[in-house]
Amino acid sequence: MKKLVIGALAAMLMTGTAHAEKIGVSIALLEHNFLAVMAKGMTDYAAKTPGLELQLEDAQNDVAKQLDQVNNFIASGVDAIIVNAVDTSATQAMTDAAAKAGVPLVYVNRQPINVDTLPDGQAFVASNEVDSGTLETKEICRLLKEKGKGSGANIVVMVGELSNQAAVQRTQDVHDVIATPDCSFMKIVEEQTANWNRAQGQDLMTNWIAKGVKFDAVVANNDEMAIGAIQALKAAGVARDSYVIGGVDATQDALIAMQAGDLDVTIFQDAHGQGAGSIDTALKIKKGEKVEKKVYIPFQLVTPANIGDFLNKN
Amino acid sequence: MTDVAAANDMFTARKRKSLPAEMNAFLGLVVLILIFEALGWSLMGQSFLFNKLRLSIMITQVAVVGILAVGVTQVIISGGIDLSGGSIIGATSMIAMSFAQSSVFPRAIYIEQGWVDLPIVIPIAIGLGVALICGIINGVLVAYVKLPSFIATLGMMVTARGVALWYTEGKPISFPTDGFKAIGEGLMPVWIFITVAVLFWLILRYTLYGKHTYAIGSNEAAARMSGINVERHLFLVYVIAALLAGLAALVLTARSQTAQAMFGTTNELDAIAMAVIGGVSLAGGRGSILGTAIGMLIFGVIFSGFIFLSVDAYYQNMVKGAIIVGAVALDQWRQKRQAMEI
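For the record, the sequence lines run as chains A and B. Residue 255 in the numbering used here sits at position 232 of the first sequence, and the numbers go up by one each step. Residue 95 in the numbering used here sits at position 92 of the second sequence, and the numbers go up by one each step.
Since the hints were made in silico from the structure, they are not lab data. Every residue gets a Cβ at the ideal spot worked out from N, C-alpha and C, and that includes glycine. Some hints here could point you the wrong way.
A few chain B residues that face chain A, going by a derived Cβ cut-off under 8 Å, partial list only [what the hints assert, rightly or not]:
{"no.": "1", "residue": "Ser50"}
{"no.": "2", "residue": "Asn54"}
{"no.": "3", "residue": "Ile60"}
{"no.": "4", "residue": "Ile310"}
{"no.": "5", "residue": "Phe311"}
With a straight-line cut-off of 25 Å between C-alpha atoms, the simulated DMTMM-like cross-links for lysine to aspartate or glutamate are [said to hold, decoys possible]:
{"no.": "6", "chain 1": "A", "residue 1": "Lys316", "chain 2": "A", "residue 2": "Asp110"}
{"no.": "7", "chain 1": "A", "residue 1": "Lys257", "chain 2": "B", "residue 2": "Asp181"}
{"no.": "8", "chain 1": "B", "residue 1": "Lys174", "chain 2": "A", "residue 2": "Asp293"}
{"no.": "9", "chain 1": "B", "residue 1": "Lys55", "chain 2": "A", "residue 2": "Glu213"}
{"no.": "10", "chain 1": "A", "residue 1": "Lys316", "chain 2": "A", "residue 2": "Glu54"}
The following residues of chain B were derived to be distant from chain A, with all beta-carbon distances above 12 Å [unchecked claim]:
{"no.": "11", "residue": "Gly43"}
{"no.": "12", "residue": "Lys55"}
{"no.": "13", "residue": "Val148"}
{"no.": "14", "residue": "Leu157"}
{"no.": "15", "residue": "Trp194"}
{"no.": "16", "residue": "Leu211"}
{"no.": "17", "residue": "Ala325"}
{"no.": "18", "residue": "Ile326"}
With these hints in hand, go ahead and build the complete structure from the sequences.
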């Protein structure tokens with residue numbers, strides 16, 4: 024916190040300097056692991072950009088505080104503002120304030136409710152949720168072909184919490200990929216929820232094995248359920264080379280499972296990249312360049328081939 | 004002394020009458036199994052029940068909540084309710100696991116302090132210690148401060164979840180030692196559940212502790228008149244419930260080989276539902292561990308049965324809900340009938 028204050032003071036002193044650009048950043052909750060990595064992506068970007076000053080503020084999950092921060096940014100004459108919204112349904116006020124003052128505003132990671140009506144000079148930077156399940160399923164499709172199962176393969180799908188948007192989207196992605204001619208040899212034989220949960224993933228897989236379900240691949244909506252499935256498959260003595268298995272999130276546990284050869288595919292959401300991307304987009308708007316209203320930072324596919332790049336990222 | 008004996012007699016008479024409660028649950032279990040068995044042969048071409056792996060997973064997948072339900076059952080019999088079990092599982096799991104990590108994992112939480120590869124008694128003792136503290140707070144609030152048990156344990160439900168989230172700011176803790184994993188491996192959760200269930204079945208049925216629990220749940224004023232130290236007894240009931248939640252947490256953590264802050268969420272409601280389905284009366288004073296165990300098996304059969312038939316999880320929840328409501332309706336009807344007989 025002290026560092027932030029000093030940074031803010033330093034930034035205020037810099038305002039008078041001719042070529043310096045100043046960006047105000049309000050993060051919903053800096054304690055949040057993912058958001059902390061995202062903030063790091065911003066400060067890293069600023070560190071290698073001469074003349075760029077960041078004023079980084081923590082909104083501490085307080086909607087009112089975040090709005091105050093944005094208004095203070097505007098009052099102190101920043102060149103652009105980046106907001107990681109506390110409440111994605113309360114973004115209109117910030118959009119209005121920034122638009123009135125003519126200050127560029129970039130939302131990052133959390134999609135604002137008014138994303139489709141953002142005025143000029145405002146944008147949203149994040150990863151496209153559609154990509155995660157799609158990347159996962161495509162890679163599993165590729166691996167199955169590589170194993171010579173391109174003429175027909177059974178897959179089982181482990182779904183996250185039924186009420187959760189990411190679970191619904193990722194499961195839809197699996198269906199969409201299978202609908203393409205390239206991967207139409209894959210057939211879903213079972214699809215059930217295990218609530219994102221490892222123990223429930225274990226239970227679900229054991230129940231499937233008991234039933235005698237024959238499958239060539241396991242597509243899980245997240246890594247925890249995939250790891251649960253791996254534990255159950257091991258306990259039941261199912262041969263490792265008889266199936267391909269993938270998850271999403273690239274958690275520490277998943278990466279270690281992958282290093283041990285237990286997991287084939289996972290997907291990394293690039294927090295650092297989203298942070299850097301938001302600054303990049305803000306600077307472009309400031310310079311008057313044309314940017315898309317939605318700027319997507321790609322999810323990244325993690326496999327044993329490139330796992331080294333991800334071990335220390337989360 | 005004679006008063007206590009009289010109260011005991013009264014309670015034994017009540018208990019004999021409550022036998023059909025378990026019978027209902029047992030019949031329900033049998034009917035469910037028969038339905039799945041018939042559907043299995045007609046739709047899947049295989050037996051539902053006579054499958055060693057399915058039989059074992061049916062019990063294993065509900066054993067953790069079953070352990071919790073044993074503790075909840077004695078609370079309900081004493082006339083109270085315990086909503087804190089699921090959150091105590093979360094807090095216990097996180098804290099115990101941080102002392103059960105293997106040095107294989109370079110980012111173990113206490114690796115700098117050298118607290119890795121510890122003998123399993125340490126995480127077990129620390130875990131049960133956390134649960135004990137929660138139980139003491141619950142017990143004091145209910146028995147001595149006289150808060151309604153719903154409120155006191157609701158407070159603990161929120162607080163213990165807060166502790167679980169605060170401990171690592173939501174980050175999971177993984178990679179336990181092989182010794183710790185053994186607590187949850189294979190059928191170990193089932194054996195632990197059976198041990199706990201038999202122990203508490205005997206305690207509730209044959210010891211003074213059990214008799215006092217029923218007596219307080221039936222009529223607290225009468226129990227007090229007959230010389231039972233109601234405060235001390237209720238305190239013990241809540242402490243034991245929390246300790247069993249702690250034990251459930253250890254089993255779940257070892258089985259998952261990870262601890263996550265949201266572990267145990269809504270488990271308290273499943274535990275209450277198991278007890279209620281098994282004929283434990285929410286009005287207190289009636290029910291048994293045997294009934295709860297049957298309720299637990301009904302849950303296990305439903306989970307496995309629906310996966311067996313590849314039924315959508317949406318329907319599973321609807322059926323689960325219907326069974327809970329049906330069981331309570333049956334309980335109400337039975338109580339009314341009993342009241343009329345008296």
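Hinted contact Ile310 (chain B) with chain A - closest CB pair below 8 Å: For Ile310 (chain B), the interface hint holds, since the closest Cβ of chain A sits about 4 Å away, which is under 8 Å.
How about Asn54 (chain B): closest beta carbon in chain A under 8 Å, or not? holds, 5 Å
Beyond 12 Å from every chain A Cβ: check whether that's true for Ile326 (chain B). holds, 19 Å
Quick check for students: does the CB of Trp194 (chain B) sit more than 12 Å from each CB in chain A? holds, 16 Å
Holds or violated: Lys257 (chain A) to Asp181 (chain B), with C-alpha atoms at most 25 Å apart: holds, 15 Å
Double-check Ile60 (chain B) for me: the hint is only fine if its C-beta lies closer than 8 Å to a C-beta in chain A. holds, 4 Å
Does the structure keep Lys316 (chain A) and Glu54 (chain A) at a Cα separation of 25 Å or less? violated, 28 Å
Over 12 Å from every CB of chain A: does Leu211 (chain B) meet that, or does the non-interface label fail? At about 37 Å from chain A, Leu211 (chain B) clears the 12 Å cut-off, so the statement holds.
Interface-negative label, Gly43 (chain B) against chain A, beta-carbon threshold 12 Å: Given a closest Cβ separation of 9 Å, the condition is violated.
Holds or violated: are the alpha carbons of Lys55 (chain B) and Glu213 (chain A) at most 25 Å from each other? holds, 21 Å
Are the Cα atoms of Lys316 (chain A) and Asp110 (chain A) separated by 25 Å or less? holds, 20 Å
Leu157 (chain B) non-interfacial with respect to chain A [C-beta, more than 12 Å]: holds, 23 Å
Hints 1, 10, 11 and 12 from the earlier list are contradicted by this structure; the remaining hints agree with it.
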